[in-house]
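Asker: So you can see what is in the structure, the chains are spelled out below.
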Amino acid sequence: MSVRRVLVIDDEEDIREVARLSLELVGQYQVLTASSGRDGLDSARSHRPDAILLDVMMPDMDGPAALAELRADPATHDIPVLFLTAKTQHAERMRLAQLGAAGILTKPFDPLKLSADVASALQW
Amino acid sequence: MPAHRLKLRIQLMLGLGMVVALSLLVGVLAYLNTQSNREAMALVQHTDEVIAAADALHVTVDDIDEGYGALLLSGSEAALAMYENAASRYPSQIERLIQLTADNPPQVARWRAIGERLDHLRTTVLDQGVALRLEVNRGLASPEDVIRFDASGDDLRGVAEVRNRLDEATTVERDLLHQRIQAADASNALLSNVLMWGQLAVVLLGMCIAVLAANTIGGAMTRLAAGAQAIAAGDLSRRVRLQRRDEIGRAAAAFNRMAESLQRQSEDRRAVERMKNEFVSVVSHELRTPLTSIRGSLGLLQAGLLGPMPPKGVHMLEVAVNNTDRLIRLINDMLDIERIESGRVFLDLKPTNSVELVQRSVESLRSLAEGARIRIHDEQVESIDLLADGDGLVRTLTNLIGNAIKFSPADSSIEVSARREADHALFSVRDHGRGIPTDKLESIFGRFEQVDTSDARARGGTGLGLAISRSIVQKHGGRIWVESMLDEGSTFYFTVPLRAAPGSRAGPPPRVPAAEHAER
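Protein chains in written order, with my numbering: chain W, 68 to 191; chain R, 8 to 527.
Isolated chain W (complex conformation) (with noise of 0.2 Å):
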C-alpha cells in the first residue's frame, strides 16, 4: 500500500509544522501543507490527499467555506475532511459536525496521539 498523503491547511505556520512533524514521525503519513483556505484548495485540487486537516478560524476563507468549496468541486467533494479546532463548545462542534466534515478534532493535540486519532476517525 502506498503512503498516505494527507494536507494540512492552517494559517498559524507552527502547528502546520508540528502537524507536520507529528503527523510523519508518528503515522509515517506523507503531509503537505498550506497557509490559507485558497491555497489548500489549490493544493487538494493539484495532489489529490487522502485526507484533509482543516483549520476552521482563517483569515478570507474559514474552514467551513473551504469544506464547502471542496465539497461542490468533482475533483475534490470525496476527500474526508477532518475539522481541528480550538473551541471546544458544545453548540459549536454540534454546527461544524452538521457541515459533512468526517470528524472534529481537537486543538491542542497531543503530537503522539494526532496520526492515531486521524486514523480512527477515517477508519484507516
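FYI, nobody ran anything at the bench for these hints, they're computed from the structure. Heads up, some of the hints might be wrong.
To be verified - Each computed SDA-like pair below joins lysine to any residue, with the alpha-carbon atoms no more than 25 Å apart:
{"#": "1", "chain 1": "R", "residue 1": "Lys283", "chain 2": "R", "residue 2": "Arg336"}
{"#": "2", "chain 1": "W", "residue 1": "Lys180", "chain 2": "R", "residue 2": "Asp340"}
{"#": "3", "chain 1": "W", "residue 1": "Lys180", "chain 2": "R", "residue 2": "Asp332"}
{"#": "4", "chain 1": "W", "residue 1": "Lys180", "chain 2": "R", "residue 2": "Leu334"}
{"#": "5", "chain 1": "R", "residue 1": "Lys283", "chain 2": "W", "residue 2": "Thr173"}
{"#": "6", "chain 1": "W", "residue 1": "Lys180", "chain 2": "W", "residue 2": "Glu80"}
{"#": "7", "chain 1": "R", "residue 1": "Lys447", "chain 2": "R", "residue 2": "Ile301"}
{"#": "8", "chain 1": "W", "residue 1": "Lys180", "chain 2": "R", "residue 2": "Gly378"}
{"#": "9", "chain 1": "W", "residue 1": "Lys180", "chain 2": "R", "residue 2": "Asn330"}
{"#": "10", "chain 1": "W", "residue 1": "Lys180", "chain 2": "R", "residue 2": "Glu325"}
{"#": "11", "chain 1": "R", "residue 1": "Lys283", "chain 2": "R", "residue 2": "Glu293"}
{"#": "12", "chain 1": "W", "residue 1": "Lys180", "chain 2": "R", "residue 2": "Thr296"}
{"#": "13", "chain 1": "W", "residue 1": "Lys180", "chain 2": "R", "residue 2": "Asp343"}
{"#": "14", "chain 1": "W", "residue 1": "Lys180", "chain 2": "R", "residue 2": "Gly440"}
{"#": "15", "chain 1": "R", "residue 1": "Lys413", "chain 2": "R", "residue 2": "Asp392"}
{"#": "16", "chain 1": "W", "residue 1": "Lys180", "chain 2": "W", "residue 2": "Leu99"}
{"#": "17", "chain 1": "R", "residue 1": "Lys447", "chain 2": "R", "residue 2": "Ile487"}
{"#": "18", "chain 1": "W", "residue 1": "Lys180", "chain 2": "R", "residue 2": "Gly314"}
{"#": "19", "chain 1": "R", "residue 1": "Lys319", "chain 2": "W", "residue 2": "Asp177"}
{"#": "20", "chain 1": "W", "residue 1": "Lys180", "chain 2": "R", "residue 2": "Ser43"}
{"#": "21", "chain 1": "W", "residue 1": "Lys180", "chain 2": "R", "residue 2": "Leu294"}
{"#": "22", "chain 1": "W", "residue 1": "Lys180", "chain 2": "R", "residue 2": "Leu307"}
{"#": "23", "chain 1": "R", "residue 1": "Lys413", "chain 2": "R", "residue 2": "Asp446"}
As the list claims (entries may be wrong) - Using C-beta positions, here's what the derived DEER-type ranges look like:
{"#": "24", "chain 1": "R", "residue 1": "Glu449", "chain 2": "W", "residue 2": "Gln97", "range": "53 to 63 Å"}
{"#": "25", "chain 1": "R", "residue 1": "Arg506", "chain 2": "W", "residue 2": "Ser187", "range": "28 to 38 Å"}
{"#": "26", "chain 1": "R", "residue 1": "His322", "chain 2": "W", "residue 2": "Gln95", "range": "25 to 35 Å"}
Claimed, not checked - Heads up, incomplete: computed chain W residues facing chain R, CB under 10 Å, no partners named:
{"#": "27", "residue": "Asp81"}
{"#": "28", "residue": "Ser89"}
{"#": "29", "residue": "Leu149"}
{"#": "30", "residue": "Ala153"}
{"#": "31", "residue": "Thr155"}
{"#": "32", "residue": "Gln156"}
{"#": "33", "residue": "Glu159"}
{"#": "34", "residue": "Pro175"}
{"#": "35", "residue": "Asp177"}
{"#": "36", "residue": "Pro178"}
{"#": "37", "residue": "Lys180"}
{"#": "38", "residue": "Asp184"}
Just so you know, even glycine gets a beta-carbon here, dropped at the ideal spot from N, CA and C.
Chain W is already provided as a structure; the job is to place chain R on it using the hints.
Answerer: Frame of chain W; chain R shown alone:
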C-alpha cells in the same frame, strides 16, 4: 380612545351624581305636579260648590215665581209663606255666590246684577202685587184690581230676565268647571308621564353608567392582566395601550414603565452575556492556539522523535509537558464551569445505567490508579437505570475517583458504590486518605478551593473539578456532599433523581424540588 383627564373616582362620582340628580328632578317634578293637581281638584270642588249655590238660587227664584203666582190666584197663606220665605233667602244666597266667586270679577258683577234685578223686581212689581192681593183678602181692593195689576206682565218679564241672567252665570261656571276638570285630567296625565318617563330615564342612565364603569374598569383590568401574563411568559416587549389620564391610565403607564425597565435590564443582561460568550470564545481560541504549538513541540521533543535528548533534558521536557497539560486542563475547566453555570449548557438526558457510568469512569482512571498502586472496588454498584447526562455524570465520577486516587496513600483502596434510594440513585466514592477538616467540607466545592493551597501544584489538579461536579449534579436536580474523618478518609456522595427533570435539553436548567421527581 379620547383622553380622559378626570380621575376615575371623580368620573364615577359624576355618573352617580347624574343618576341622583335626575332622580331628584323626577321627584321634584312629581311633587310639584301633585301640588298643582291638588289645586286643580280644589278648584273643581270649588266650582262644584258655586254651581250648587247657583242651583239653589235657581230654586229660590222658582219659589218666588211660584209663590207669587199662587198668591195672586188664591191669596192663600201657604203661598204667601212660600213667597216670603224665598224672598228672604236670595240675598244671602247672592252674598254667598259673590263670596265664592270673589276671584272672578265678571261673575261677581253678574251675581250682583241678579241681586239688584231681584231687589228691583220686588220693590217695583212683586211686593206691590202681594200688598194688593192682601188688600183683596181684607176686602180693601177687588180681585179685578189684581187682574189689572197683573195684566202688565212686568212680573213675568222680570223673572224671566233674572232666570236668563242666572242661567248665563251658571253656564259660565259650568264652562269653568269643564275647563278645570280638563286641567285636572291633564295634570294627572302629566304626573303619570313624569313618573313613568322619569323613572325610566333614571334606570336607563343608571344602567348606562354601570355598564360604562364596568367596561372601563373591567376592560382596563383585563388588558393589564393580559399584559402582566405576557410579561410573565417572557414577552418583555409587551405594552398596555390605555390612552387615559385617570387612575387606570396611571396604572397602565406605571405598568409600561416597569415593562420597559425589565426589557432594558434583560437586554443589558443579554448584551453582557453576548460579550461574555464572545470573550470565552476568543480566550478559548487565542489561548489554545499557542498552546497547541507548545504542547506539540514539547511532545515531539520528549518522545525523542527529533533526535536524542540528554536525561536532564528529558526530565525538563516532562515537567514542561505536564505543566502545559495542566494549563490546558485549567483553561478547559474554566471554560466548562463558566458555560455550565451560565446556563448555556443543557443536560443531554439519555437512558443510561449506573454500572456503565462507573465502568467508564474507572476505565479512564485505570493507568492513574495503577501508577499510584490504588485498588478501586466497584462491587457495591447496583444496576440502576437512569435518565441522565451520561458524559456529565462520568465526568463527576471521574473527578471524585481521581481526587480519591490523588489523596490516597499507596497500596490503599477506594470503594465506589451506587444504590437505589426512595426517589434517587445515591453514588458514593470512599477513600482512606488524610481526610478533610470540618471547616472545609463545604468550601471545597467552590472554585479554586483546595484543602491545601500546595495541592494544585503537587497533585496536578485545577481546583475546579469539584465545582464542575457540583454544577453537573445540581443541573440534574441532585445534591453533592462529603463526609470525612481526619486521617481516616473521606466519602463523597451525590444523588441523581430517578426521573430527571423534563425538557432539560431545550428548556431552562432543571429546578427540581424533591416532590417533582418523586413518582416512578
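Asker: Keeping to a limit of 25 Å between CA atoms, is the pair of Lys319 of chain R and Asp177 of chain W held or broken?
Answerer: OK: Lys319 of chain R and Asp177 of chain W at ~22 Å, within 25 Å.
Asker: Lys413 of chain R and Asp392 of chain R were given as a pair; does the straight-line alpha-carbon distance stay at or below 25 Å?
Answerer: violated, 30 Å
Asker: With 10 Å as the cut and Cβ atoms as the points, is Asp81 of chain W at the interface with chain R?
Answerer: Holds, about 4 Å.
Asker: Are Lys180 of chain W and Asp340 of chain R close enough, with their CA atoms no more than 25 Å apart?
Answerer: holds, 22 Å
Asker: Just to be careful: measuring from the Cβ of Pro178 of chain W to every Cβ in chain R, is the smallest value less than 10 Å?
Answerer: With Cβ-Cβ at 4 Å, under 10 Å, it holds.
Asker: Under 10 Å is the threshold here; is the Cβ of Gln156 of chain W close enough to any Cβ of chain R for the hint to stand?
Answerer: holds, 7 Å
Asker: Holds or violated: Lys413 of chain R with Asp446 of chain R, Cα cutoff 25 Å?
Answerer: The given pair, whose Cα atoms are some 21 Å apart, holds under the 25 Å limit.
Asker: Please verify whether Lys180 of chain W and Gly314 of chain R have alpha carbons no more than 25 Å apart.
Answerer: Roughly 19 Å between the alpha carbons, so the hint for Lys180 of chain W and Gly314 of chain R holds.
Asker: Do the alpha carbons of Lys180 of chain W and Asp332 of chain R lie within 25 Å of each other, as the hint requires?
Answerer: Measuring from Cα to Cα gives roughly 14 Å; hence the hint holds.
Asker: Let me know if the C-beta of Pro175 of chain W comes in closer than 10 Å to any C-beta of chain R, holds or violated.
Answerer: This interface hint holds because 4 Å falls under the 10 Å limit.
Asker: Under 10 Å, Cβ to Cβ, is where Ser89 of chain W needs to be relative to chain R, so tell me if that hint holds or is violated.
Answerer: At 6 Å from the nearest chain R Cβ, Ser89 of chain W passes the 10 Å test, so the hint holds.
Asker: Given the hinted pair Lys180 of chain W and Asn330 of chain R, is their alpha-carbon gap at most 25 Å?
Answerer: holds, 18 Å
Of the hints listed earlier, those the structure fails to meet are numbers 7, 14, 15, 20, 29 and 38, in rising order.
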